[in-house]
Amino acid sequence: MIEISARPLAGYFFEHYRLGQKFHHATPRTITQGDVALYLALTGSRLPLHCSEPFAQSLGYPSMPVDDLLVFHIAFGKTVPDISYNAVANLGYADCRFLQPVFIGDTLRTETEIIGLRDNSSGKTGVVHVRSNCYNQRDEMVLTWIRWVMVHREDAVNPPRTTALGLIDAPAQVAPEAIVAPAFLKPAKNMSTVTGGVRFWEDYAATNAEEFSKTPESGPAPWQFEPIKHPAGMTIDEADHTLATKLYQNTARVHFDLHLMKDSRFARRLVYGGHVMSICRALAYDGLENVLSIAAINSGTHHNPTFAGDTLFAISLPVLKWPINADIGALRLHLVGYKNIDPNTAAFADAPEHLKVLSLDYTVLMPRRPK
Amino acid sequence: MIEISARPLAGYFFEHYRLGQKFHHATPRTITQGDVALYLALTGSRLPLHCSEPFAQSLGYPSMPVDDLLVFHIAFGKTVPDISYNAVANLGYADCRFLQPVFIGDTLRTETEIIGLRDNSSGKTGVVHVRSNCYNQRDEMVLTWIRWVMVHREDAVNPPRTTALGLIDAPAQVAPEAIVAPAFLKPAKNMSTVTGGVRFWEDYAATNAEEFSKTPESGPAPWQFEPIKHPAGMTIDEADHTLATKLYQNTARVHFDLHLMKDSRFARRLVYGGHVMSICRALAYDGLENVLSIAAINSGTHHNPTFAGDTLFAISLPVLKWPINADIGALRLHLVGYKNIDPNTAAFADAPEHLKVLSLDYTVLMPRRPK
Amino acid sequence: MIEISARPLAGYFFEHYRLGQKFHHATPRTITQGDVALYLALTGSRLPLHCSEPFAQSLGYPSMPVDDLLVFHIAFGKTVPDISYNAVANLGYADCRFLQPVFIGDTLRTETEIIGLRDNSSGKTGVVHVRSNCYNQRDEMVLTWIRWVMVHREDAVNPPRTTALGLIDAPAQVAPEAIVAPAFLKPAKNMSTVTGGVRFWEDYAATNAEEFSKTPESGPAPWQFEPIKHPAGMTIDEADHTLATKLYQNTARVHFDLHLMKDSRFARRLVYGGHVMSICRALAYDGLENVLSIAAINSGTHHNPTFAGDTLFAISLPVLKWPINADIGALRLHLVGYKNIDPNTAAFADAPEHLKVLSLDYTVLMPRRPK
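Protein chains in written order, with our numbering: chain A, 1 to 371; chain B, 1 to 371; chain C, 1 to 371.
Next up, chain A with everything else stripped away, as it sits in the complex:
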């Protein structure tokens, strides 16, 4: 009775995608005061830029901008029905740039192009590489990113193929020259009082990207410099991660459908990786209180799944820094999320790899120390 839609009801599978194919994702989304309050309640974020109108205005913003990760999750959620409805796992992100502040009342929509396709040796799945762009109601691009995601084939192929089309090497870092601060942005006079933090851009001793890239991803004490071990832990429950993911209109089945997931190897629902990113960033407030905004996500990886009942912890390593102008500096941070092990305890020295859930390498804007 129902004629074939542009999108099958069961979603696209790997073999449906074509290099260069473009998607105008459905359901543009006006961001409201309600979304912003829910984001606070779901993450415990305390960044004053996103919850104090007077503070935002004292920095030069016309009004309180929306948290960068809330923008990311809403923009990302739009892509899920077309790109990752039948995903096995989100493998990574790169070259993610926040180009414009987003304000309450703005309406976001997202477009995606298939930029790479690679068959997996199993014949059952493949990896889809996409570039997604998010626009506001004035058609200004506010956010762009690359991600690659493992997607089921509808029908396995045997023998497996080894096709790899259009794959590009994602840059390890968004280039410093691509990081700009809004022209209006000036640190407030009372920064430390408002944020509770006394550390400014000058106070973070960053290693440099070359050395950092040589260090192994795991193992004891991999870094030359001491990471900031954020003090708190946050336990995730089923209802809060599903509320967050529904708010973002992200429809990936693995987060919502226990009837499906109870027969998976996890036997339960998976927490949306973006919720893990948001919780870890909220935990990273203590020690990084003067961060103003995210300019770029250089790379992101979900190492292990997170489930309801897990308690998340986070450490941050400053990796690189450079000045933007006389008032603002850029700081590249490597945020690592763990579950069920507190970085401030002795046990952390031998933290097993399966407790590492997230690596998020991102670049923030931070005020320079007031003269």
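Keep in mind the hints are simulated off the structure, nothing from the lab.
Certain hints may be false.
Note that the list lumps identical chains together, so a pair holds whenever it fits in one copy or between two copies.
Unchecked claim - Only pairs whose alpha carbons sit at most 20 Å apart, straight line, appear in this in silico DMTMM-like list of lysine to aspartate or glutamate:
1) K262 / D342
2) K189 / D203
3) K189 / E111
4) K371 / D327
5) K186 / D203
6) K371 / D203
7) K356 / E226
8) K356 / D257
9) K189 / D139
10) K229 / E154
11) K229 / D257
12) K186 / E53
Since chain A is already given, all that's left is putting chains B and C on it; use the hints.
Positioned in the frame of chain A, the structure of chains B and C alone reads:
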């Protein structure tokens, strides 16, 4: 010390109601951006009319209207303290008509009249039939509906009575001539891009009401026409159904009070049936993307209770359709909700009756195919 | 690498505090429509003053004021990182006065002074007494309160000290002369219709403070006058209490960190006492429908912890009353919260002490009976 209120603290019981009695329910409610965001987070709804201000305006609305079911739940919630505080079960709804769009900032209040009373043979309960009307701050009626609900007697009667007062036959369907579209309503030029759906009013092959009414309610393959089997499932948790029901200021004890319910035959809290309606309708987005609004609920029945941990699925059968004007058509849909069985799996052919949770027969407005 | 902040990442411990020390707490907070909707969803509050714009205006308010307890929780949450991050337990509140209505769009910040310090005999903890003041964006004080909280020492002392500095006797009640009604406040003509309550200030037979203070806090039938036994119960789940507490940006670890708490004597997360206050007050709506606002919290005590899965019940005892003006009276209420025992059942007569979770003695404004 406390003098008798108009309403007893323990709520009304069946023997307190009188035919023709009228209630002005307490707590008028201004709908805010926060309610709208919470509704998205609680249901995962993706209808762009209710989350995109520019899309709403492109259809002719002055601003984004509030989701019809959110309006229904808030209007309904007001009636609970006076009508169904001591309810055993909500038996059904009929003749529910959405008369005006409701916007953020509008304030709703509800009035109810007792239109029928019937004793049950147990002597312990009775069925109360009511007509409820919901008004906005300009005293314009925005919504009206009939429902019947089984309510406990405070004191059982023995022998039982067989009184039946004022019962009316609820119409099986809101008459087509009562279904009107707002004068301003025009389909947007970019409907398919915004909604992600390519099916318009012309693309649904409806059976007709007479044939439909002859088919049995249960059993394998009851319908002549193929239903739309919506692809996704949504698991309900305790905190999300209780958050929804508190948001609607619905006070029915069965949803909130585990101390009470642990000694019931269910041994746990019941999910508010309206939350089940909202989840099933959100699941029904895929396959019905171009639905604009609900004009009427013809009938509604909760077949079995839903509990936290259950995963809901939905199918929709187009039942009847007729044109409203050159741009808009009416489509009557029969939405059936199931728990813990996926309509897209083979097991569904033998779905046992106790997994069917909802039948919601409703009429929507849908754009006709652009010429 | 990180220089010492004004605040250690692990928070302050008892030995860090000095008498007279002042804190300007971080993260000013603009209250939005989203916060207000979330508060309804999290508590089930039905006070029409906080959810009906026309009703608020009919009382003389320029717009809908924010629920007093939502203001309290947000103001209180700001103090947690500096005062009670390493708290064992919140012991009590006193002299809490609501000085100005707070409206959507207002921005709150909080300051605190250490007004007393007392070592505990264990040598492992001490009690910190503070006065906190909350200001809006015009630097008008909107709320002030005293609390005392037991805080861990970072390093235990042996032998223990018996220092007690600057302790004051908190007043048992905010003095009647300190209770004022806003000059604009007039009861609405349709109060009973809007609130659903027919009882006005004249209808509550209060005992008096002297007699009340002589009655024991526990034991069967301690009071001379009958309390109002509110009819409903509300079960708390993990996700709703943590959502509430994150919304208030309260960072106390005991509410969020299951990894930490699983090794505590409770073996699970504790519900924020303020959430218990809000739930009990929402339950107290039935029987106190015409309460307009909270003018003062005279004292508050959390007798026992509350956990997810507990069902809360409440009773209220009117303690004292006096007229404010020809339209408005003051009513002092003693609200007692219980878990897992319904005051409307016979079992309540022998309610064991460990089921009592809250005593909140507060003073409200209530309209006098319309002539």
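Hints and how they fare:
1. K262 / D342: Between copies, since 13 Å is at most 20 Å while 29 Å is not.
2. K189 / D203: within (18 Å within a copy, 54 Å between copies)
3. K189 / E111: between (40 Å within a copy, 18 Å between copies)
4. K371 / D327: Within. Shortest intra-copy distance 10 Å satisfies the 20 Å Cα cut-off; inter-copy 57 Å does not.
5. K186 / D203: Answer is within: at 18 Å inside a copy they meet the 20 Å cutoff, but 56 Å across does not.
6. K371 / D203: Result: close within a single copy only, 14 Å intra versus 64 Å inter.
7. K356 / E226: Classified as within; 18 Å inside a copy, 47 Å across copies.
8. K356 / D257: For K356 and D257, the Cα distance is within 20 Å only across copies (17 Å; inside one copy 25 Å).
9. K189 / D139: between (34 Å within a copy, 17 Å between copies)
10. K229 / E154: between (44 Å within a copy, 18 Å between copies)
11. K229 / D257: between (35 Å within a copy, 16 Å between copies)
12. K186 / E53: The answer is within: 15 Å in one copy meets 20 Å, while 32 Å across copies does not.
Checked against the numbered hints given earlier, this structure breaks none of them.
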